Each structure stands twice: as C-alpha cells, then as structure tokens.
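Visitor: These protein sequence lines map, in sequence, to chains X and V. The letter at position 183 of the first sequence is residue 299 when you use this note's numbering, and the numbering goes up by one with no holes. The letter at position 245 of the second sequence is residue 361 when you use this note's numbering, and the numbering goes up by one with no holes.
Keep in mind that the hints were calculated from the coordinates and are not lab data.
Repeated chains share a single entry, so a pair holds when one copy, or any two copies, can fit it.
Within a straight-line C-alpha distance of at most 20 Å, the following computed SDA-like cross-link-like pairs (lysine to any residue) qualify:
1) K285 - A171
2) K189 - D352
3) K445 - G482
4) K201 - R526
5) K201 - R505
6) K201 - H501
7) K288 - E163
8) K546 - R431
9) K360 - N443
The model shown is predicted, which means the values in this text are computed figures rather than measured ones.
Number of protein chains: 2
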Amino acid sequence: MRTLDERGCGRQTDILPRSFVWDPIMAHSAALSPLAPKSYPDLPDIEGVSFSTAAAGIRYKGRTDVMLALLAKGTQVAGVFTKSKCPSAPVDWCRARLKGGKARALVVNSGNANAFTGKTGAKSTKLTAEISAKATGAPMGEIFLASTGVIGEPLDATKFDGVLAKLVKDAKPHGMLDASKAIMTTDTFPKVATAKALIDGVEVTINGMAKGAGMIAPDMATMLSFIFTDAPIAADALQAMLSKGVGPSFNSITVDSDTSTSDTLMIFATGAAAQRGAPKIKLASDKRLSDFKKALDGILLDLAHQVVRDGEGCRKFVEITVEGAANAKAAKRIALSIANSPLVKTAVAGEDANWGRIVAAVGKAGEKADRDGLAIWFGDIRVAHKGLRDPSYDEANTSAYMKGEKIDIRVDVGVGGKGRATVWTCDLTKEYIAINGDYRS
Amino acid sequence: MRTLDERGCGRQTDILPRSFVWDPIMAHSAALSPLAPKSYPDLPDIEGVSFSTAAAGIRYKGRTDVMLALLAKGTQVAGVFTKSKCPSAPVDWCRARLKGGKARALVVNSGNANAFTGKTGAKSTKLTAEISAKATGAPMGEIFLASTGVIGEPLDATKFDGVLAKLVKDAKPHGMLDASKAIMTTDTFPKVATAKALIDGVEVTINGMAKGAGMIAPDMATMLSFIFTDAPIAADALQAMLSKGVGPSFNSITVDSDTSTSDTLMIFATGAAAQRGAPKIKLASDKRLSDFKKALDGILLDLAHQVVRDGEGCRKFVEITVEGAANAKAAKRIALSIANSPLVKTAVAGEDANWGRIVAAVGKAGEKADRDGLAIWFGDIRVAHKGLRDPSYDEANTSAYMKGEKIDIRVDVGVGGKGRATVWTCDLTKEYIAINGDYRS
Chain X
117 MRTLDERGCG
127 RQTDILPRSF
137 VWDPIMAHSA
147 ALSPLAPKSY
157 PDLPDIEGVS
167 FSTAAAGIRY
177 KGRTDVMLAL
187 LAKGTQVAGV
197 FTKSKCPSAP
207 VDWCRARLKG
217 GKARALVVNS
227 GNANAFTGKT
237 GAKSTKLTAE
247 ISAKATGAPM
257 GEIFLASTGV
267 IGEPLDATKF
277 DGVLAKLVKD
287 AKPHGMLDAS
297 KAIMTTDTFP
307 KVATAKALID
317 GVEVTINGMA
327 KGAGMIAPDM
337 ATMLSFIFTD
347 APIAADALQA
357 MLSKGVGPSF
367 NSITVDSDTS
377 TSDTLMIFAT
387 GAAAQRGAPK
397 IKLASDKRLS
407 DFKKALDGIL
417 LDLAHQVVRD
427 GEGCRKFVEI
437 TVEGAANAKA
447 AKRIALSIAN
457 SPLVKTAVAG
467 EDANWGRIVA
477 AVGKAGEKAD
487 RDGLAIWFGD
497 IRVAHKGLRD
507 PSYDEANTSA
517 YMKGEKIDIR
527 VDVGVGGKGR
537 ATVWTCDLTK
547 EYIAINGDYR
557 S
Chain V
117 MRTLDERGCG
127 RQTDILPRSF
137 VWDPIMAHSA
147 ALSPLAPKSY
157 PDLPDIEGVS
167 FSTAAAGIRY
177 KGRTDVMLAL
187 LAKGTQVAGV
197 FTKSKCPSAP
207 VDWCRARLKG
217 GKARALVVNS
227 GNANAFTGKT
237 GAKSTKLTAE
247 ISAKATGAPM
257 GEIFLASTGV
267 IGEPLDATKF
277 DGVLAKLVKD
287 AKPHGMLDAS
297 KAIMTTDTFP
307 KVATAKALID
317 GVEVTINGMA
327 KGAGMIAPDM
337 ATMLSFIFTD
347 APIAADALQA
357 MLSKGVGPSF
367 NSITVDSDTS
377 TSDTLMIFAT
387 GAAAQRGAPK
397 IKLASDKRLS
407 DFKKALDGIL
417 LDLAHQVVRD
427 GEGCRKFVEI
437 TVEGAANAKA
447 AKRIALSIAN
457 SPLVKTAVAG
467 EDANWGRIVA
477 AVGKAGEKAD
487 RDGLAIWFGD
497 IRVAHKGLRD
507 PSYDEANTSA
517 YMKGEKIDIR
527 VDVGVGGKGR
537 ATVWTCDLTK
547 EYIAINGDYR
557 S
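Same shape as in the complex, but just chain X:
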C-alpha cells in the first residue's frame, strides 16, 4: 500500500465552457485560490450511482457536511489509503471491508475526521455503518466511510441517524458536484474531473472528485478522493490499476510534506455498461483496458493537480522534473526533496530563481548526484550548467519568468542515468502561516 502523502493541482483537461459559480461556504477561507480552475466540467451521470447531501451540523453551520453515494448492487470497489501509523477509524473500517470487493454505499462527512478518537472512534464508524445499512438496505460489509475535519474530537454518529433516510430518498445521479462541495474543509473550490473511455468499443464514463488543501490539517483538512465508473471491472483489477495510478499522481504531489491520518482514495465500478455490451473484465492485464487506464490516470492526475492548486496560501503552481538520475525512485526522491524544501518554496513565493537552494535540496536527498555535472532550468532558461552558474545567465530574463503563475523547474543531476520523475507542489507563503497559525490565536 502506498502512501497518499502529498498533492498537486488542477490542469483541467475536461473544462467545458460552463462558467463556474462559487458559493463561499467556508467562512475561514473565503478567498478563492488564485490557481482555481476558471470553469468546471459538466459531470455526466453514471448509471448505478446517485448522490445526495445533507447538513447534519457535525461542525459547520449553514452548509452541507454529509454526502451519500448510493451504488448499484454488485458494484466493485478498490482503495488506497494513508500510510500513517495513526490512521483514522474510517480508514481502518474501509481497509477491513475492502477484502469483500463490493460496495453499495459511501458515506462521507466533513467537520470531524474521527481520527485519534480511540475505541470510541471504532464504535462511531460501526454505528454510522449500521445506520447507513438500515437506511439503504445494504449489508454492513458493503458500506464505506470517510471522515475529514478535526482530529481528536469524538464523532457523534447519531447525527447521521437524522439524515440518512432522507439522503437515500433524495439521491439522484446528477448530484456529484454538490457532493464534492459537502466534503470540503479548507478547500476554496470543489474538485471534480470526468473522462470517457472505450472498452472493447463500448463507451464508459469515469467521474472523480477530491478534497484537500493542506497536506493534512487535523483541524480542517485531509485528502479524500472518490472515483466512479459504469465500467464492468472486477475489484482486483481496479485495485491493481489504482495502486499503480496513484504513484505518478496523488503520490507525486506535496503541499507541505505533512501526511494525513485520513488520506483515502477509492474507486467504485457499477458495471452498468455491461448492459450496453461492455465486456466484464477480471484482470488488470487485459489489453481491452488500455484506454480506460489512460483515462483513469488522467483523472487521478487532474484531481491531484487540483489539490495542489488549492494548496493553503498558494499563489504559484510548481512542476519539478528531475532527470539523469540513477533510477526512477532516486529521481522521485530528489524531486520530492526539492518540492518539500521550505527554502525552495519560499524562494518561488518571492519570485526568486534561487537555484542555489535547489542544489542544496538535491544534495540533502541522499541520492547519487554529480555536483559538478548538475544542470538546472527554470522554464526554458538554463540557469546552472556543469556544476556552476550558466555563463549566459540573465537575471532580468529569469526574474520575468518567475512572475508567472506556473513555474517549471527541471534538474539534470548529472549522473547520466535514465531515472526521471515529475512532482508538483505550490509555493510557501505568509498566507499558509496565517491559515495554519493564526486561526486560533
């Protein structure tokens, strides 16, 4: 199981010309991220999935804080969770239920993470599942749960009792955007993506949603993402694709290097497309999945990027590519060392092409690097070459580049290897400190 320990954000590949109207439901983070997508895709309905939301008053007032996704009988499920040694109670719950491979309902709340709540946390998830099973008529083992919000506060599961019956009654296929809003915490915008794919000539749909803004902010955040599709794919195959797909997407992003207790990514496949002739697929190695895999990877990357684009206090979206490393793992470790360096991130915030800090971050990663063979680019501008400042370095030119909203950093570590990796992060600003340091003081 990989860790979902970092995020990226929002290259919208499926933006429709529908303009995005945002309601500032979060009093403490009213300002929309400057990196937010300009519009949102219209999410097609997915046969076998319906959504509804409710305001259960778990923590917030005057906004929705619970979402239900009702899933057709036989829906297959797979998931990837945080690697934290102190996972939340819902993460424990989902991991244990995943073995069955089947899902009938997903219940997610914001406002309380039900993390670090001891044995009462497990009791709370069990009670939530019982309430959900009763309201939906589904078996307990096919109920999946996620919670995001405050850590360490007992979650009063009886609050679900008051809303679940109505949630089941209200559920409709077109409710996904509303659902994505109900799970927000410090997010300044909801995160959704959609794609079509062909399986053996039959079109299937994949919709995804995510939330997350700080890597983890136990008082307010965590990363959750849910993917839905009508493709008839077995749980094991879904799991293999998800476990692989998370590597270059959600596991290649970082806002602040802090891993959450609650990070959850799940995919649900209703299989409804089988009625339209899509073949039932059991193995991830099935060649007929190639287009689906590509579409799924696109959704994962899109959502991961959106999380970075909503990084707390962010003003710049940073893509870091490391090449010429001994191997891909070394390249990724170096890239994340750069992406997590507070000094690199503050330099980007200050629009300073400070490649000296990049050298230092390469050096501390612990992977092989040839100091005297290193080259660094900001965009297309090579600032360092063969271990020292590029002879043609032009400060004015580079400064102009640093004023942009998207900053591309490329590093050749000079070892001559084929190792290559790309990760995404945002800059580190005073606003990050304000969001995370000021709100209680």
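Using the hints, position chain V against chain X.
Guide: Coordinates of chain V only, in the frame set by chain X:
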C-alpha cells in the same frame, strides 16, 4: 560521518554578568532574535590560539567577513561535515586534510559559500590555502577553510591575499568574540560558549563559536562551528568524541529541515595544557577524559541551542521529547518528524496546543506507534491520553502555557519501549517567509 543537518539554540550555561552589546552589522536582519541570550560569557584565552578579523569586501560592506585562527604547532584537529551529496569546496578541502590530524590555521569567510562553483571552487580553496600557508608559514596540509554565504558565485580568493599578512600580524588570544561576528550571515547574534574541565586534576579550557540561522539559506547562511581547547588530546580521540557528541546536539536540532552544502564542525586542541601537567591523551576511551567529554558535550548543546534561538523568524524555542518508542533511533525519527512538521510549527507560532497535528506527525514518521496508547503533554499539561483527548483537558490552561517563550512537547508513543530522544526546533512564522521569500522580490 553523521550529518549536521539541523540546529538548536541557546541555553547559556556559562553566562557571565557582562551585558551584551550588539552592533547591527547585518542590514537585512537588523532585529535581534527575541530568543537571543541576554548576556555573553567572557571567553578566557586559550594558550596556542589567537584570532583576528578583517573586512575583505567579499560581499558585505562595512563589516568584517574574514577570520583567522592561528594555532600552535602540533595542534590536533577533528571534524564532522555535512552529509550533502553536493558539498562545498571548503568541505571537500577539510575532509581531505583531516587525515593528517594536524592544524596550524583556520581561515573562514562569510558572504560567499564557495559551493556549487565547479572546478573553480576547488582552485579557489587551493589558492586560499596557498595564500594562508605563505602568510602563516604553515604547511598547506595544516590549513583548514570554511566559507558561508551565497551559493554558486565564484569566490575570488585573491581577496584573501590583501588581508592575510595583516591578519597574522594582528592575531591575539582574546579575539574570539570578534571572530564569531565575522562569520555571521543571517544570524542576529554571535554564538559563543565556554567551559572548564579537569583532566587528571589539571584544568583545561574549551571555547566554542557557531553561526547559523536558517538550516541553510544559500544566499545567506549555513551552519559552522569551531571549538578550541588547550587540552593535549590526539586527533583520533578528538574525532571519536566529536562524532559521538554531535548526535544529541547539532544533529538533534532543526530550523527548517534544509541541510546545508557547507555544514562544518571542527575541534582544535593545541595541547598547551601539557606544560601545566595535563597528560597527553591518545584514546577517547581514556577514563581521564570523562570530565572533558561532559564539558565538550555541554558546549556542543549550548551552541546548537543558540542556533535554534536564532532560527529565522523564530519567536518560540521548542523542546520535543519522544519516549516509550521501540528504540532510541525510532524515538529520534519520530521527534524530528514532529519538529519538521510545518503544521506543528505554525500551530506553535499561533500559540495553539494543536495535539492533533502532533498525532499526524507521529503517524507519518513510519516508526512503530500505538495510536490507542498515545499520550501527549504540553509542559506538564497532559492533553491526550490513551489515544484520545485527555478527559481533564482544559483549553484555557493550555492556551496560557502556549503563550510562553519556551514550549516543551512530550509524547509517549505507547509502544512500551525504552526508546527516548529529545530534539529542539523553533516555530514557523510569517517572518521566516519574509526573510526567505521577500528579500529579492
């Protein structure tokens, strides 16, 4: 070789009642750290060591930027350096010279780190050593060098040519405080410490100096520390004591998790105390060194703490103790995970006893922890117990504690082991972002 990758700050164990007068020599960081020591010790002279400083105009104007420590013939030397894979040219130089075990001169400059300067960097250190050897009459192999400041700018070593002869002429035993000022970069105060120890009944003196404020800030910083003693101890024994002593001191502090290309810690022992009857000691295991070791460890910790107390933008000095871990290594890894968490550090800045973020940082460390057995204290206040909020938790009481300048965080990870470690850090404030993100924009 361990890494000197982090810093701490200033429990002054030897503060004399001499008040400290500070001249704001650094235009860009005029404000003295609120955690600066209130006074400085009077540093006793050490026989066989003399200091001088000069303004060579390497980068700064109107301040000293070069220091020389002249060492008596036969002075023994040991050192510990950065683990960065991209070390500076002076680090390469010192590592290679350390094998001889002897030192006659130490030349340190601020303003330019001579790091990531390719082959010209090595040429520059060689030229500096040649100039120093000529001026002092010492062999090249006994000249030690350190540089701190901008990364990636060629260091014009000819500038040393103009000042070295006068530095040799001016050198006097009582110049150590001035020397500690000449090596400052973003530091807001010079860092010195002193102690006496008995070796077989004969009193010896140990003086130390350090600089460092951001973990590394290639445009302005890095960690350097130099220790001087008149004790007659052989290089190998010094090396063993230093390598061991750095663990619970300089390697147990962090300002921002960024390792420098230039971190350097060296100890020089002139052996002059032998004339007063101190025995010549060859092995670190010699029982007659017990008092000396204790004094040396005290100096290392004192200087390490001073570095944290001058952490860029710091307002609070944070001591983090992890206990009940599987072993000491696991305890330290968990403690550093807490100390390096931006969310924990911003919470401390916001005077918020946010133990949920501590749970998350424990969870992401990757070491064994029992979520449901965890306990957390702020000072003497237990805020979490057996995996959930302490039943007797009092918000007002805890908030009052968080307003203090020194914050003690203690975590029992509940595994029931004997592993224990303490590390030190500072809070993460908007001022850190301003220092590192604003100065060029």
